[in-house]
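Asker: Listed here are the chains, written in short residue letters.
There are 2 protein chains.
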Amino acid sequence: MTDPSDARTAASPTDILGASVIGGRSVRGGDGEIAAIDPRTGVELEPSVGLIGSEELDRAASLAAEAFSRFRATTPLQRAALLESIAKNLEAIAEVLADRVVLETGLPRVRAVSETGRTTGQLRLFADVLREGVFHDARIDRAQPDRSPVPRADIRLRKIALGPVAVFGASNFPLAFSVAGGDTASALAAGCPVIVKAHGAHPGTSELVGRAIADAVAANGLHPGVFALVFGRGEQIGKRLVEHPAIAAVGFTGSRRGGSALVQAAARRAVPIPVYAEMSSINPVFLLPSVLADADALAASWIGSLTLGAGQFCTNPGLVFVPAGDAANTFIASAGRRVSAAPDATMLTPGIAAAYADATAKLSRTDGVTTVAEGEADDEIAHSGTPQIFAVDASTFLSETALQEEVFGAAGIIVTVRDVGQMIEILKGLEGQLTVTIHGDQTDEGVSQLIATAEERAGRILFNGWPTGVEVGHAMVHGGPYPATSDPRATSVGSLAIDRFLRPVSYQSFPAELLPEPVLDANPWQVWRQIDGTPGKV
Amino acid sequence: MTDPSDARTAASPTDILGASVIGGRSVRGGDGEIAAIDPRTGVELEPSVGLIGSEELDRAASLAAEAFSRFRATTPLQRAALLESIAKNLEAIAEVLADRVVLETGLPRVRAVSETGRTTGQLRLFADVLREGVFHDARIDRAQPDRSPVPRADIRLRKIALGPVAVFGASNFPLAFSVAGGDTASALAAGCPVIVKAHGAHPGTSELVGRAIADAVAANGLHPGVFALVFGRGEQIGKRLVEHPAIAAVGFTGSRRGGSALVQAAARRAVPIPVYAEMSSINPVFLLPSVLADADALAASWIGSLTLGAGQFCTNPGLVFVPAGDAANTFIASAGRRVSAAPDATMLTPGIAAAYADATAKLSRTDGVTTVAEGEADDEIAHSGTPQIFAVDASTFLSETALQEEVFGAAGIIVTVRDVGQMIEILKGLEGQLTVTIHGDQTDEGVSQLIATAEERAGRILFNGWPTGVEVGHAMVHGGPYPATSDPRATSVGSLAIDRFLRPVSYQSFPAELLPEPVLDANPWQVWRQIDGTPGKV
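So the sequence lines, in the order shown, correspond to chains E and G.
All residue numbers for the first sequence refer to full-length UniProt numbering, where the first residue is 1 and numbers rise by one.
All residue numbers for the second sequence refer to full-length UniProt numbering, where the first residue is 1 and numbers rise by one.
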């Protein structure tokens with residue numbers, strides 16, 4: 001292929017070209033190449049990916065800026081149709097997509113299939129959000145011409161799209177937190193063009209999804225700048241994307257180091273912009289006295305959650321607190337037996353497998369840390385991680401701050417503590433978390449105070465369950481205080497995620513003919529709104 | 001007075017001690033002194049103010065941290081009662097307060113009285129917001145135990161307070177944007193303790209208000225760490241406050257330089273925090289063809305808005321665009337006559353008066369800028385500013401970026417342009433604004449595109465009015481893209497301001513006994529909420 005601009009017409013939706021998608025067309029960059037690796041075999045996958053340079057990145061950003069005004073002015077129903085088109089396009093290539101996910105990530109096929117469902121469900125959730133219309137936050141303060149000493153003007157408010165959004169996909173959810181993931185779905189729903197910087201670990205998957213989105217954009221008659229997918233070096237193209245004047249906000253899922261670098265870069269801009277980075281969490285679990293009789297069953301369900309997907313979840317429950325005593329011993333022994341029997345698992349990338357091996361080796365060498373059990377290594381897998389669990393007492397945990405760092409993978413630490421009071425003290429000192437899990441009930445002494453402390457430390461608190469498996473709904477918060485995320489006011493999963501990409505605008509004394517629909521007297525879109533501070537669908 | 005901790009019992013609500021308020025008590029700092037100046041006479045006012053050092057600042061922050069958990073757990077009705085107590089305490093000292101405002105700011109007494117009403121009205125608005133309960137953003141996603149392939153858990157969401165908030169008051173609204181202003185009212189409403197760094201221009205006013213708040217905190221049986229007022233050097237105490245680990249968010253109204261410095265300091269923290277800084281805006285006004293027959297009347301109302309309060313409003317309309325021609329000439333001539341007749345006005349501080357004199361002198365010397373008229377100086381006033389207006393053509397305006405910088409005071413620039421198309425082009429290139437004002441109607445060609453452009457440049461758009469006089473209501477946005485504010489997702493005026501100081505938390509599979517009230521099945525507080533995505537008061 002000599003002319004990259006021909007790529008789109010040439011390619012079927014299931015072809016992988018190793019190309020970015022800019023302006024609705026495939027563009028194979030010429031600034032170096034990368035290749036994905038099958039982590040099960042260690043073999044490089046075809047085709048290689050051509051990385052774009054600054055010029056192509058700037059073109060994608062300019063197109064997004066150009067597309068913005070018209071895209072944000074589309075009706076919510078038009079954007080709902082776009083999201084549903086994307087979902088349908090993904091479903092049409094679901095088999096090829098699942099195959100490629102398995103190749104590039106080593107995740108089991110059943111997971112690839114379920115993640116496709118989650119991704120399309122997420123797109124359709126935002127279509128529902130657009131139809132319901134709460135997101136407009138429409139408000140009307142009626143004029144009071146006779147108010148004394150001065151009359152009150154008619155003032156109305158609605159929220160509009162913030163501007164083009166840069167999205168950095170995660171390694172661990174090649175679909176649901178990647179090219180067509182929650183950040184993209186919520187930004188498009190808000191009316192923001194999106195530029196996705198693809199994760200290098202699953203480029204073929206990214207390209208298939210990226211073209212599915214671009215095709216939906218075209219089929220819905222929208223400006224081709226509404227969506228772009230770019231492959232490029234993070235320190236060059238990623239940074240340039242965040243610094244580009246056209247970009248108004250950033251969504252990121254990944255490491256603490258990577259997220260913090262974007263936060264800093266965004267704050268240093270001439271016009272600072274918000275960064276929603278989901279980064280690091282160890283998701284502490286507290287076992288309260290009322291459940292300790294079930295220590296064996298709890299150990300079984302914990303190990304199930306800990307080892308799910310080779311432990312490669314942001315909400316992986318890596319830390320369990322249990323009151324010292326017989327039940328704790330039962331819990332530790334039972335968890336140990338199950339880990340010993342747990343299979344070695346393929347990790348997402350060679351780098352992640354190596355980091356996991358380093359971190360667990362470091363844990364096992366730490367003074368006061370007992371290695372409880374380790375799964376058996378499987379030499380057939382090129383880049384794997386064996387589940388491992390460790391035990392420490394509270395004083396060791398408190399003195400070794402390294403024990404509070406996230407280990408990405410199926411490593412768990414059991415901390416034996418004195419009582420619930422000590423749990424609360426320790427939780428107060430932990431960094432911000434995505435989740436806190438409590439096993440217990442209302443009869444446990446101190447549980448209310450533990451919950452209150454958890455509210456200040458985490459975005460989501462669970463009872464008698466496990467934090468892996470994040471529901472995509474209206475009441476979900478996938479967020480939390482730093483470093484769980486860079487902005488505790490936001491969630492990256494669930495319908496509230498749209499609020500990250502909106503800003504309010506007031507309309508004072510407007511002629512009715514010039515008002516936007518959500519604040520027209522007749523309420524033609526039938527949105528929920530506040531009239532003089534009273535909520536209703538009027 | 002030898003023991004500063006006795007100050008509170010010793011002082012009546014109308015005494016001014018030159019002291020900070022920490023832990024519910026007056027604390028006269030020993031780290032240097034400042035004195036306010038009566039800008040009408042140039043005379044230093046008694047008493048001097050004792051500035052606090054780092055140790056006292058840290059104590060205020062520690063007390064706020066200590067107060068946080070209990071304060072955020074108060075019911076909305078308890079916080080409504082606090083806000084109403086503060087309003088009553090201010091009303092009880094209204095006469096003394098107004099006298100002191102006049103002394104310290106040179107503002108007319110009628111303004112001091114009306115601003116007291118605005119401040120108490122603002123406190124009561126947030127009491128209403130607390131009673132209505134929309135701010136909880138309560139959501140319930142009901143369990144689906146039979147869902148396939150996996151059941152859905154019961155998940156509920158509400159918003160909680162972010163943490164202690166640092167507030168930096170403005171010079172130009174000694175009451176409504178200062179110690180008990182919108183930032184403080186909305187943060188307290190959210191359940192966040194507040195530490196106000198007082199503005200040095202009106203310390204006596206600040207102290208009276210600060211003690212009114214502290215007294216209300218005590219009378220409502222709340223922890224004394226819920227509120228503090230500190231006097232200290234900005235570069236030392238202000239910076240330390242923003243950097244203090246106990247502080248979770250910052251509200252600021254002031255200069256672009258000051259606000260940007262806080263934004264940078266907050267981003268460099270180990271745990272970055274949001275800064276809501278309202279900074280700089282020139283509030284462009286566009287006169288469209290349909291209104292040009294009223295050029296004379298428009299000039300009169302413009303000069304009224306421009307010179308109100310010596311032009312010392314963030315929403316002062318400093319820039320008027322008018323199509324070149326006879327009507328523009330009438331407008332300029334009429335505005336000029338009125339400015340020549342406008343009285344010299346006292347400015348807030350010697351520094352503001354000097355900066356205004358510098359900026360207007362620079363404008364008058366700029367190539368292509370015509371000085372249309374200037375008010376008459378009044379040598380009786382020590383620190384005054386004469387209203388001044390200037391005229392330029394579009395090409396001069398576009399080539400001289402200095403013409404786009406805010407001049408704080410009653411200086412206005414009239415820009416003659418070709419047509420509405422050129423207005424739109426110019427508006428696209430302007431920095432972010434608090435307001436854009438349009439005089440015209442739906443018959444003006446290009447008006448829809450002008451509005452669409454204004455939406456992307458400003459937080460509020462007005463028709464056929466003037467932007468000074470910001471209503472405190474539910475639909476008000478006092479915000480906008482950078483540098484109008486540091487965060488266009490927020491407003492610092494109106495009920496939506498509470499959202500700045502809240503964050504969402506999810507509760508998954510909670511025992512009913514342990515759920516917070518806004519998401520209890522019975523909805524005991526009768527808050528508006530979403531059940532499975534459907535809004536209602538159920």
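Hints were generated in silico from the structure; no laboratory data involved.
Keep in mind that the hints are not guaranteed to be accurate.
Away from chain G, derived, C-beta distances all over 10 Å, residues of chain E [what the hints assert, rightly or not]:
id, residue
1, G50
2, K88
3, V129
4, D137
5, A246
6, Q264
7, P289
8, V291
9, S340
10, I461
11, N464
12, V505
Straight-line alpha carbon distances no greater than 30 Å define the calculated DSSO-like cross-link-like pairs of lysine-lysine that follow [what the hints assert, rightly or not]:
id, chain 1, residue 1, chain 2, residue 2
13, E, K239, G, K537
14, E, K428, E, K362
15, G, K239, E, K428
16, G, K362, G, K428
17, G, K88, E, K239
18, E, K537, G, K537
The C-beta atom is built at its ideal place from N, Cα and C for all residues, glycine as well.
Asker: Decide, hint by hint, whether the structure agrees.
Answerer: Evaluated hints:
no. : hint               : result
1   : G50                : holds (35 Å)
2   : K88                : holds (21 Å)
3   : V129               : violated (7 Å)
4   : D137               : violated (7 Å)
5   : A246               : holds (12 Å)
6   : Q264               : violated (7 Å)
7   : P289               : holds (15 Å)
8   : V291               : holds (12 Å)
9   : S340               : holds (27 Å)
10  : I461               : violated (6 Å)
11  : N464               : violated (6 Å)
12  : V505               : violated (5 Å)
13  : K239/E with K537/G : violated (45 Å)
14  : K428/E with K362/E : holds (25 Å)
15  : K239/G with K428/E : holds (26 Å)
16  : K362/G with K428/G : holds (25 Å)
17  : K88/G with K239/E  : violated (52 Å)
18  : K537/E with K537/G : holds (11 Å)
Of the hints listed earlier, those the structure fails to meet are numbers 3, 4, 6, 10, 11, 12, 13 and 17, in rising order.
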